[in-house]
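Quick mapping for you: the protein sequence lines, in order, are chains A and B. Our numbering applies: residue 1 is where the first sequence begins, and numbers increase by one. Our numbering applies: residue 1 is where the second sequence begins, and numbers increase by one.
Careful, some of the hints might be misleading.
[What the hints assert, rightly or not] In silico lysine-lysine, DSS-like type, Cα no more than 27 Å apart, as pairs:
1. 333/B x 304/B
2. 36/B x 304/B
3. 57/B x 251/B
4. 112/B x 175/A
5. 304/B x 309/A
[What the hints assert, rightly or not] According to the in silico footprint, chain A covers these stretches of chain B (three or more CB under 8 Å from chain A):
6. 51–58
7. 70–76
8. 285–297
9. 319–327
Simulated from the structure, these hints should not be mistaken for laboratory data. For each residue, glycine too, the CB sits at the ideal point set by N, CA and C.
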Amino acid sequence: MQEAILKNKSNSQSGFWGIIKTHIFDIFSVMGLVLCVIIFTVTSAGNLWNAYNISILIETVCGYMILSLGALFVYSMGFMDVSVGVQLGVYSILMIFILNSTGSMLLAFVTVLVLALLCGAFNGAVAVWLGLPSIVTSLFLMFVFGGIQYILIERTGSNMISVENYDISRFADSKIMITVMLVVGIVVFYAFNFTKLGKYTKSIGANEKTAAQCGVNTTLWKVIAYMMFGVCVAIASVFLLARTGSAGKGTGSTYAMDIMLCIILGGMPLSGGMSSKVRCAVIGTLTYVLLSNGLTLSGVDIQTIHIIKAVIFLCIVLLTCRNKGKILPR
Amino acid sequence: MKKTLRKIISLVLTAGMALSCAAFAGCGGGSGAKIKIGIGLYQDQGPAVTATREFLKGISEELNCEFTYVTLSQTDEAANKTAAQQLISSGCKGLILTMDSATEAILEECEKAGVYLGGYLADYETSFDKVKDNPNFVGTVVDGRYSGTAWGEEIAERIINDGYKNIGMIKFPSFAFPHQNEMDAAFRAKIEEYNKTAADDEKITVQAETTELMFQPLSADYFSANPNIDAIFGMCAGVDFIYPTLTQNNKTNIKLYTAGFSVDDSVLNNFGTSGNGCFQELVFSNVEAIVYPLVMLLNKIEGKEFEDTPSEAQRVDSSQIRITNNEELDIVKEKSMYYTGKFENSFLTASEVSDLLAKNGGTHEGLVKVVQSMSMEDLKAR
C-alpha cells in the first residue's frame, strides 16, 4: 500500500503538475517579464519599442545586468552586500580623479578593480574570522565608503565632479554595452554552472554545515564569490560613469537595493541555495528595468510607481520565501 | 494553509497592481495632439509640489498641454538622466527640471531627440556657463534672486530695527549653495556699518563663524557654543533644519529669520506675535514662476520665438513672497496658491499665461516682468 502511494506520488511529481510545481518560481518570473512586456507595449502606446527607448533600455540594463550577474554568487550563498551602491559611487569618483589627472582609463580601471577585489575579500573573510553575519561587514563597508564619497566630493568644493580630459562617453555606446554584458553573462554562466565556484556557493546557500562536512573550504569560496562580485562592480562602475560623465555624493546610492530587487524579481529565493540560477539575474534585471521604464512611459503617477514597486516586491517575497525557517540573507 | 494564504495575498495584490496600472495609463491616454511636457521635481509631495501640479493642471487646457511628472534625485546624476530619458521616451517635447544634475548629459539626450530643456526654481550654477549657448536649453528661472546680497541686507535691516543684539548665523555648505556666502557677507557688512555709529550698548554681535549644516538638523551643541544669541539668521531652510532643534531644547525664545515656508500649523501658529513667536520671517518662491521655462519651451516647440529672444539662454530672477508679520501671513493664507493649493488663487489665469506666448504677441521682456511681479506687495494688491 505504502509502495503504491510512494509510486503514485513519484508519478505525480514527474508529471505535468510535478514539472509545474518544480519550476513554479521560474514560471512566475518569466510570466512577470512577459506580462510587463505585454502591458507596457499596450499602455505606452508603442513608445516602449521606439528606437530611442530601446537605446536607453540597453543603457540602463547594462549596469544592472553586470551587477546582478556578479551578485548572483553572493545571493546564492544566502548572503547580501549592501555596500555595493556606495562602492560604485566611490569608484566613479576615483576614476574621474585618475582620468582627469592622467587621462589613463587603464590605470583608472585597474585601481578600481584592485579596490573592489580587496573589498570582496574583506566582506568574505572578515565575516568568517569574526563570526559575524556577512551583512554586518558589508554594512561596515557601506558606512566607510559613504564617508569617503562625501569627503571626496566635499574636497572638490562642488556637489559633483566631471570627467574633463577623457571621452568616457565611448563606453555608453550600445554595441560596447551589449558586448560586455554578453561576455560577463557567458563567464558567469560558465562559472556558476560548470565550475566549483557555482556549485559550492549554491551548496553553502543550501546548507553551509553540510557543505563544510563534505570537504568544501567554505571560507575560501565565500571570499572568491565576493571577489567575483567585486570584479563585476568594477566593470559596472565604468558604465555607470559613462552614462553621465560625472559623479556626486549620491552616485550609485540606490544600486544595493535595486540589485536585490532585480534578483528577487527573477525568482531567486532570498535564502539562496540550489534553486539559484543565472536566469534569475537576467530575467529579474530585464523585468525591473522594464517596470520602471514602462510605468513612466505609461504616464503612471510618481506615487503610484512607488506603491506598485512595493507591492510587487512584497508579492515576490511572499511567494519565494521558503517555509523552512523563512530565513532572510545572512 | 499559510502557503496558500501567501499565494492568495500575492495574487490579490498583483491583480490590484495591474488594475491600477491600467487605470492610470488610461488617464494619460487619449490626449490627441496635446504637447507633452515632462516635469522633474526634487520632491514628490508637499505644498510646493501640490501647488505646482494644480497650477499646471489649471493652464493645461488653454495651452493644449499635458504634463508628466518624475521625481529627481538630489545627488544621483545617473538616476536623473534615466528620469529625463524616460520622459523623452514617453513623448515629451520639453522638459522642466528643478535639479542641475547631469545637465550636460541630459541636454545631449535632448539634442538627439529634438527636445528642449528649461530650469525651474534652480540657478543651474554648476552647468549654466556650459549650456547657456546650447540651442536646446531655453534658460531657467531662479528660486528668488540669483545674488544673495539683497536679502542679506534686508534681514540685517530688520534685525537692527527689531533690536536683537546677539545674532546666530546658519547656512548650508558653500559647495551646494555658494550664494549663501554673499548673503552672509552682505548681512555682516550691513551690521558692521550700523555698529560704527551705534552706542556701545546698542551694538550688535554676530556669530564669528557661520555654522554650516550638512543637510542635517542643527545640533543641540549649537546652544552651548553660542549661549547668548537672541536671534538667528537661517539662510538655509530653517523650518526643517533649525526650528525642530529650537523646540526640542526649549529655545523658542530665540527669534528665527529664515528661508523657506510650511503650511503646517506648528509653524504658522508660532509666527510673528502668535504662539511662541519664534518665526519672524519666512520666504518662499511662487510656483507660478514656472511660466518662464514653460513659455520658452512652448515657443521653441511651436517654432515661434519672441522678437526679443536673447541670443543665449537666460538665468532669470523671480520675485518671492516675504512674510514679515501676522497680517502678511493672513494674506498668504487667504490669497496665495502655495498655501491654498487652489488654482483660483494663482497670480495668473490660464488666458494670461497663453497671452505670454510668442504666437499670441508676448515678449521676453513681458515674460520676465511677469515672473518678477509676484511679491508680497503684488499679493496684497490682488
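Against the structure, the hints:
1. The straight-line distance between the Cα atoms of residue 333/B and residue 304/B is roughly 38 Å, outside the 27 Å bound, and the hint therefore fails.
2. A C-alpha spacing of about 17 Å is found between residue 36/B and residue 304/B, which places the hinted pair at or below 27 Å, so the restraint holds.
3. The straight-line distance between the Cα atoms of residue 57/B and residue 251/B is roughly 42 Å, outside the 27 Å bound, and the hint therefore fails.
4. Between residue 112/B and residue 175/A the CA atoms are separated by roughly 18 Å; this keeps the pair inside 27 Å, and the hint holds.
5. Between the alpha carbons of residue 304/B and residue 309/A the distance comes to roughly 41 Å, so the proposed pair goes past 27 Å and is violated.
6. Figure legend: the region 51–58 of chain B, annotated as covered by chain A; annotation inconsistent (0 residues with Cβ-Cβ distances under 8 Å, at least 3 required).
7. Note: the region 70–76 of chain B has 6 residues with beta-carbon separation from chain A under 8 Å; the three-residue rule is met and the coverage holds.
8. Beta-carbon proximity to chain A at under 8 Å applies to 0 residues in the region 285–297 of chain B; the threshold of 3 is not reached and the given coverage is violated.
9. A stretch counts as covered by a chain when three or more of its residues have a beta carbon under 8 Å from one of that chain; for the region 319–327 of chain B and chain A the count is 0, and the coverage is violated.
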